[in-house]
Each structure stands twice: as C-alpha cells, then as structure tokens.
Amino acid sequence: MSTAPHPMDDVWLVVPLYNEGTVIGDVVRHARETFPHIVCVDDGSADNGAQAAMEAGAVVVRHPVNLGQGAALQTGFEYALSVPTMRWVVTFDADGQHQVDDVLAMLEKGRAENLDVVFGSRFLDDRTKPSLAKKLVLRLAVGYTNLTTKTRLTDAHNGLRVISRGVVERIDLTQNRMAHASELVAQIGDMKVSYGESPVHILYTDYSRSKGQSLWNAVNILAELILR
Amino acid sequence: MKTLLIQIPLIIVVIAVVARLFSSRGARAQAIRRIGLLLFAGFAIVSILFPDVWNRIARLVGVGRGTDMVLYALVVAFLSSTVTTYLRFRDLETRYTKLARRLALDEAERDFPRDAGGPAGGSPAGVDGGPRSL
Chain A
0 MSTAPHPMDD VWLVVPLYNE GTVIGDVVRH ARETFPHIVC VDDGSADNGA QAAMEAGAVV
60 VRHPVNLGQG AALQTGFEYA LSVPTMRWVV TFDADGQHQV DDVLAMLEKG RAENLDVVFG
120 SRFLDDRTKP SLAKKLVLRL AVGYTNLTTK TRLTDAHNGL RVISRGVVER IDLTQNRMAH
180 ASELVAQIGD MKVSYGESPV HILYTDYSRS KGQSLWNAVN ILAELILR
Chain B
0 MKTLLIQIPL IIVVIAVVAR LFSSRGARAQ AIRRIGLLLF AGFAIVSILF PDVWNRIARL
60 VGVGRGTDMV LYALVVAFLS STVTTYLRFR DLETRYTKLA RRLALDEAER DFPRDAGGPA
120 GGSPAGVDGG PRSL
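Sequence order for the protein chains is A and B. Position 150, counted from 1, in the first sequence is what numbering that gives the first Met the number 0 calls 149; the numbers after and before it change by one each time, with no gaps. Position 69, counted from 1, in the second sequence is what numbering that gives the first Met the number 0 calls 68; the numbers after and before it change by one each time, with no gaps.
Bound-form chain A, shown alone:
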C-alpha cells in the first residue's frame, strides 16, 4: 500500500456542503473507503458539518459567507485543479443520496470510452423513484436544457457528474444559486467535448426529501437563467 498509488488517486470528489452536519460525516467516511481524495466546500454552514467532514478525512474549504451551491462547486473545482495529480473531478452531494458504486461505473465508462464528461442520469433505468410532480419538473428541465444548449441528455439536473481535468479547467460557473446545473451543461455543450450518460440511483430518503429543493425552485431556476 505504500508504493503503488491508489487506483483512485487521480479522482477528487467535490462535495458542496451547506448545513448537512447530521449526515456529512457518514457520507465522507463511506466515500473515503473508495476515494482517498474528497474536498468539501463548506458554504457558510451554521452547523458543525465542516468539522465532521474534516474528522472523516476530507479537505475542507470554507466560504466565509454563504454564496450558493454553484459558487461552492466552482470553488471545489479550483481547489481540485491546484492538485497536479488530479485527472477527474466527481461532483457529489453531501446529503447521501448518491451511490459510490454509481461513481465507479461512471469513472469506468469515462476511462474506457475516453469521454471528457460522464453525466449521471436517473432516467436510464428504473431504480430511482421520484414523485410524479418531481418527474414532471425534471422532464421539463431536461427539455429546456436540450433546447437551449448543444447537448442531448436525459437528466439535466443530476448532481452526480464525472468531469475530466481538461474540462474542469475551462468551466467557469457564474450562477451562484440553483441555475448552475444548467449553466454547467451549457458550458460543456459549448466546448464540443465528448460526453456520455450513465445510470445512477438517487436515494430519496426522508432526510434528502426534507432538505431537497422544492418544486418552487424550478421557477427560480428559470428566472435566473433568463435574467442572465
């Protein structure tokens, strides 16, 4: 273990963290069994989440004030870019709704097919069971994203993504709040790089449901995108 580099040594998990103190420790600990490098971007949380993440073995970058999830992702990207050995960035949610196995499959796909980006999609298999209303909003979001960007995806607002270093270098998220997911897709679409999709299972636990974005946010996302 001391000579051969870890097989996942070139992978960095970027985890935006905002008031997830109750679960982040377990999420980081579990993910660290597979991925040695995790950077949590604490977005001005009021709880002890940053401390818990640190104790679980993550690097923690702390925003002095709350800036929003998009800003946290961009900060995480810039931190990961400062590590010369980083080849892949994985965007991973702090609330435990993403599966480590899905990330492994996405990385394998990215490496095997020489892709620059692998997007996670809830709609490629039937493991994920969103509510009907949520499904409708997500479908609308996908329709809008496919219409306005140069990409064809089945799930535009999935937080699980595997992005290669070259693409991370060119990403510049300016939408601090919720619209960053669409912005990310749009920027990747403009780069004309190779991308693929991989099925993921989103665990809608009671916890994630209570924290998850309400459907009202769809309106906010649309407004933020139009008033860009």
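Hints were generated in silico from the structure; no laboratory data involved. Treat the hints with care, as some may be off.
[Claimed, not checked] Distance ranges between label pairs, derived from CB positions:
#1 A:ARG151 x B:ARG113: 49 to 55 Å
#2 B:TYR95 x A:LEU221: 22 to 28 Å
#3 B:PHE42 x A:ARG176: 37 to 43 Å
#4 A:GLU168 x B:TYR85: 29 to 35 Å
#5 B:ARG109 x A:THR153: 39 to 45 Å
[To be verified] So the derived list for chain B, only partly shown, Cβ under 10 Å to chain A, looks like this:
#6 PRO50
#7 ARG87
#8 GLU92
#9 THR93
#10 TYR95
#11 THR96
#12 LEU98
#13 ALA99
#14 ARG100
#15 LEU102
#16 ALA103
#17 GLU106
#18 GLU108
#19 ASP110
#20 PHE111
#21 ARG113
From a predicted model like this one, the values you see are computed outputs, not experimental measurements. Just so you know, even glycine gets a beta-carbon here, dropped at the ideal spot from N, CA and C.
Starting from the known structure of chain A, arrange chain B on it as the hints suggest.
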C-alpha cells in the same frame, strides 16, 4: 381605440429599455442611462413650469389626461430602474464571490498542506503520484 395608440409605443419603449440594458453593460450603457436621467430631470423642470405640457402630450398620443401619461412614464422609469439595480447587484455579487473564494482557497492551502495528501494522511501517493500530469 384611442388608448391603443399609447399602448404600442409604451410596449416598444419597455422592450427597448430592457433589451438595451441587457445587451450592453459597458460605458455606453452607463452614458445612455446618465443622458436619460438628465433628460428626465430637464423634463421634470419643464413640467413643473408648464403643467399643461403633460396634457398636451397626452392628447397628442391619444391618452385622456396628463396624469395618466405621468403614470405610464413612471411605470417605464420604474421598470428600467429595477432592471439596472438587478444587473448592478449581479456584478457586485460576482466580485464578492471571487473575493470570498480567494479567501477560502488561501485558507485551505494553509490548513491542509499539499504534501500530506489529506488531513488524515490516508493517501500514500500525494507527492510522486502523478508522472502523467501536464
């Protein structure tokens, strides 16, 4: 039928103002805003001296009274002011975000020295792990 006459130019002005403010944010947009403000102030003085001027404009474009005309003008002015403020806030937010990010990254560099590869020292491959880099 009479009010239709005013509706068309008003809608055009609203759209033009919004499009103008959205399309350019440089020195030109700022200059246009300032000229607009000057004209606005000048016209305010004129209308104070000659209150009837609003009535005449109103009749000219087909609105009944001068007070209605003032109301329409205010709506346009308010809208453009709202959009300008929004855009200015966006600019400010971008700068503020960059500042906070720089601060956060510098602090992280201090708290998590790079050669450790992580706070727990979990990864043994921090230093020479990457002959493939660059």
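Each hint tested on the structure:
1. At about 39 Å, the beta-carbon gap between A:ARG151 and B:ARG113 misses the expected band of 49 to 55 Å.
2. Distance hint check: the CB atoms of B:TYR95 and A:LEU221 are about 24 Å apart, consistent with the given range 22 to 28 Å.
3. The given range of 37 to 43 Å is respected by B:PHE42 and A:ARG176, whose C-beta atoms sit roughly 39 Å from each other.
4. Taking 29 to 35 Å as the suggested C-beta distance range, the pair A:GLU168 and B:TYR85 conforms, at roughly 31 Å.
5. Distance hint check for B:ARG109 and A:THR153: the Cβ-Cβ separation is about 42 Å, which falls inside the suggested range of 39 to 45 Å.
6. At about 38 Å, the closest approach between the beta carbon of B:PRO50 and any beta carbon in chain A exceeds 10 Å, and the interface hint on this residue is violated.
7. For B:ARG87, the interface hint is violated, since its Cβ never comes within 10 Å of a Cβ in chain A; the closest pair sits about 13 Å apart.
8. Taking 10 Å as the C-beta cut-off, the interface hint given for B:GLU92 holds, the closest approach to chain A being about 7 Å.
9. Annotation: B:THR93 was flagged as interfacial toward chain A, and the flag holds, the nearest CB pair being 6 Å apart, inside 10 Å.
10. Hint status for B:TYR95 relative to chain A: holds, with the closest Cβ pair at about 8 Å, below 10 Å.
11. A hinted interface residue such as B:THR96 counts as satisfied when its beta carbon comes closer than 10 Å to some beta carbon of chain A; here the least separation is about 5 Å, so the hint holds.
12. For B:LEU98, the interface hint holds, the least distance from its beta-carbon to any beta-carbon of chain A being 9 Å, beneath 10 Å.
13. A distance limit of 10 Å between C-beta atoms decides the matter here; for B:ALA99 the minimum to chain A is near 5 Å, and the interface restraint holds.
14. The beta carbon of B:ARG100 comes within 5 Å of a beta carbon in chain A, closer than 10 Å, and the hint placing it at the interface holds.
15. Because the beta carbon of B:LEU102 sits about 6 Å from the nearest beta carbon in chain A, less than 10 Å, this interface hint is met.
16. Annotation: B:ALA103 was flagged as interfacial toward chain A, and the flag holds, the nearest CB pair being 5 Å apart, inside 10 Å.
17. The interface hint given for B:GLU106 is met, as the beta carbon of that residue sits about 6 Å from the closest beta carbon of chain A, less than 10 Å.
18. Below 10 Å, beta-carbon pairs count as interface contacts, and B:GLU108 has one with chain A at about 8 Å; its hint therefore holds.
19. A least Cβ separation of about 8 Å between B:ASP110 and chain A falls short of the 10 Å threshold, and the interface hint therefore holds.
20. A least Cβ separation of about 5 Å between B:PHE111 and chain A falls short of the 10 Å threshold, and the interface hint therefore holds.
21. With 10 Å as the threshold, the beta carbon of B:ARG113 comes within range of chain A, its nearest partner Cβ sitting at about 7 Å, so the hint holds.
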